[in-house]
Amino acid sequence: MRSYDGSTWTASDINDHTLQVNSLSCASSTFCLAFGVGGNIDWSFDGTKWADRSFPEFEYVDGVTCVSRTFCAMIGRKRYSPERPAPLVATSDGHRWRVTILPGKFTPSDRRLRVGQ
Amino acid sequence: MAALVRPYGEQTMVRYQAGTWYPPADSVQVSRPRLRVMPDRHVLPGCERRRVRDVRRQHVANVAAATILATPGFLRVANVLRRQFGLLVGALLRRQHVVRSNPDAGWQQVSRTCRASRPPFCAINDDHGLTFTYNGVNWSAGGQVGSSHDEFSRPISCAAPNHCLLTVGELGDVATYDGGAWSAPEEILHARGWLRSIDCATQTYCVAIDNWENVLSYNGAGWSGLTPLPPSDADHVAYGSTQVSCASPTLCLAVSNRSGGVYTYNGSDWSRQNLNGSQAMASLRSTSCASTSFCMLAVVTL
Numbered sequence: 001m002r003s004y005d006g007s008t009w010t011a012s013d014i015n016d017h018t019l020q021v022n023s024l025s026c027a028s029s030t031f032c033l034a035f036g037v038g039g040n041i042d043w044s045f046d047g048t049k050w051a052d053r054s055f056p057e058f059e060y061v062d063g064v065t066c067v068s069r070t071f072c073a074m075i076g077r078k079r080y081s082p083e084r085p086a087p088l089v090a091t092s093d094g095h096r097w098r099v100t101i102l103p104g105k106f107t108p109s110d111r112r113l114r115v116g117q
Numbered sequence: 001m002a003a004l005v006r007p008y009g010e011q012t013m014v015r016y017q018a019g020t021w022y023p024p025a026d027s028v029q030v031s032r033p034r035l036r037v038m039p040d041r042h043v044l045p046g047c048e049r050r051r052v053r054d055v056r057r058q059h060v061a062n063v064a065a066a067t068i069l070a071t072p073g074f075l076r077v078a079n080v081l082r083r084q085f086g087l088l089v090g091a092l093l094r095r096q097h098v099v100r101s102n103p104d105a106g107w108q109q110v111s112r113t114c115r116a117s118r119p120p121f122c123a124i125n126d127d128h129g130l131t132f133t134y135n136g137v138n139w140s141a142g143g144q145v146g147s148s149h150d151e152f153s154r155p156i157s158c159a160a161p162n163h164c165l166l167t168v169g170e171l172g173d174v175a176t177y178d179g180g181a182w183s184a185p186e187e188i189l190h191a192r193g194w195l196r197s198i199d200c201a202t203q204t205y206c207v208a209i210d211n212w213e214n215v216l217s218y219n220g221a222g223w224s225g226l227t228p229l230p231p232s233d234a235d236h237v238a239y240g241s242t243q244v245s246c247a248s249p250t251l252c253l254a255v256s257n258r259s260g261g262v263y264t265y266n267g268s269d270w271s272r273q274n275l276n277g278s279q280a281m282a283s284l285r286s287t288s289c290a291s292t293s294f295c296m297l298a299v300v301t302l
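Just so you know, the protein sequences line up as chains A and B, in that order.
In terms of the working numbering, the first sequence opens at residue 1 and continues consecutively.
In terms of the working numbering, the second sequence opens at residue 1 and continues consecutively.
Calculated from the structure, these hints are not laboratory results.
If a hint is listed, it holds; no wrong ones were tucked in.
Computed beta-carbon distance windows for the label pairs:
#1 A:Thr70 - B:Ser248: 20 to 26 Å
#2 B:Gly267 - A:Ile101: 38 to 44 Å
#3 A:Thr30 - B:Asn274: 24 to 30 Å
#4 A:Asp93 - B:Ser293: 25 to 31 Å
#5 A:Thr100 - B:Pro230: 39 to 45 Å
#6 B:Gly143 - A:Thr30: 35 to 41 Å
#7 A:Ser28 - B:Gly136: 18 to 24 Å
#8 B:Trp212 - A:Arg69: 35 to 41 Å
#9 B:Leu189 - A:Arg98: 37 to 43 Å
#10 A:His95 - B:Trp212: 40 to 46 Å
#11 B:Trp270 - A:Ser68: 27 to 33 Å
Just so we're clear, the structure is a prediction, and the values are computed from it rather than from any experiment.
Idealized CB from N, CA, C, for every residue including glycine.
Could you put together the complete structure from these sequences and hints?
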């Protein structure tokens with residue numbers, strides 16, 4: 001969990017789960033999501049503090065974008081393994097993530113997808 | 001491998017709100033940011049090529065370590081154990097994350113690839129030129145744009161379900177999505193090398209940054225500019241991403257991990273920002289502007 005006292009961010013668990021923010025998206029000043037390279041934890045910002053949530057479906061997140069509190073999309077992979085690259089996308093309604101395997105000509109290779117820039 | 005997991009710096013969130021930068025204060029220990037292989041390696045001078053080779057060797061080592069350590073369920077089990085046994089397992093978990101981290105992390109950046117239309121709309125692309133769109137219910141393949149032998153997914157941004165821009169290739173070409181199909185890539189004004197980042201605040205205002213950190217802007221009809229970002233006085237120069245996020249034609253935020261600079265655009269000029277209270281920056285990770293008075297920046301400080 002993380003807290004914000006008006007000038008200082010305090011993080012207690014992030015460093016144990018996700019070492020570097022890889023993707024960040026803010027829909028408003030009171031809603032952001034951030035993912036680390038680990039990808040199984042997302043951090044949400046409510047305007048005053050960050051809180052982490054377990055997100056077990058992905059083991060690597062390539063990118064996230066949020067347009068509102070009730071819609072975010074993320075791209076990642078199920079497993080960092082050549083045997084099971086499984087590029088996935090997920091959309092969130094604010095409560096749960098819906099994971100989808102993208103259609104197309106995916107082959108068993110380490111393809112990465114980009115959300116945005 | 002010990003050198004790879006030695007704690008290096010702190011990761012903080014820096015907030016820009018109502019014209020003021022709020023100081024970073026996180027205390028998240030991170031590991032030394034590692035160099036990344038650049039797609040423009042063919043233009044790198046000799047010493048940089050050697051660094052790229054070093055990165056590749058490191059990547060091979062990391063993949064080998066990941067193969068050994070990334071057994072199914074390890075991460076989940078380690079999380080549970082960490083909660084039970086604390087720092088000892090936590091340290092092991094940290095090591096696991098480091099060796100499994102993708103060396104290209106930072107290339108995948110965030111922008112307005114989705115739009116808050118009703119229903120929401122998204123467009124994405126992969127590193128083989130395939131595009132996909134989301135209509136609020138399903139994802140569907142949108143065809144191939146650019147080379148199928150591309151090594152990297154390319155910057156993309158959508159201002160509306162019928163207006164997306166996708167950068168293509170190494171020469172700064174851009175393809176446009178009109179809601180039904182992607183156009184053939186067209187060269188935009190004098191971009192030097194591939195476009196590192198693009199973001200559309202509206203259908204008539206987009207910003208792109210090229211490989212040499214020149215800024216180009218789009219007004220709905222064409223591109224103009226090629227304005228260099230202000231020079232950085234930081235002694236930190238590294239490989240990495242450049243990213244721009246625009247909330248409106250009067251507020252954009254750009255971060256460059258190459259120069260270690262943070263830049264804002266006020267509608268007429270780009271200026272380099274001095275983040276109040278920040279320490280020397282080791283890595284600028286990601287940024288997102290939600291409105292004209294709110295941006296967020298993830299930064300790793302020394």
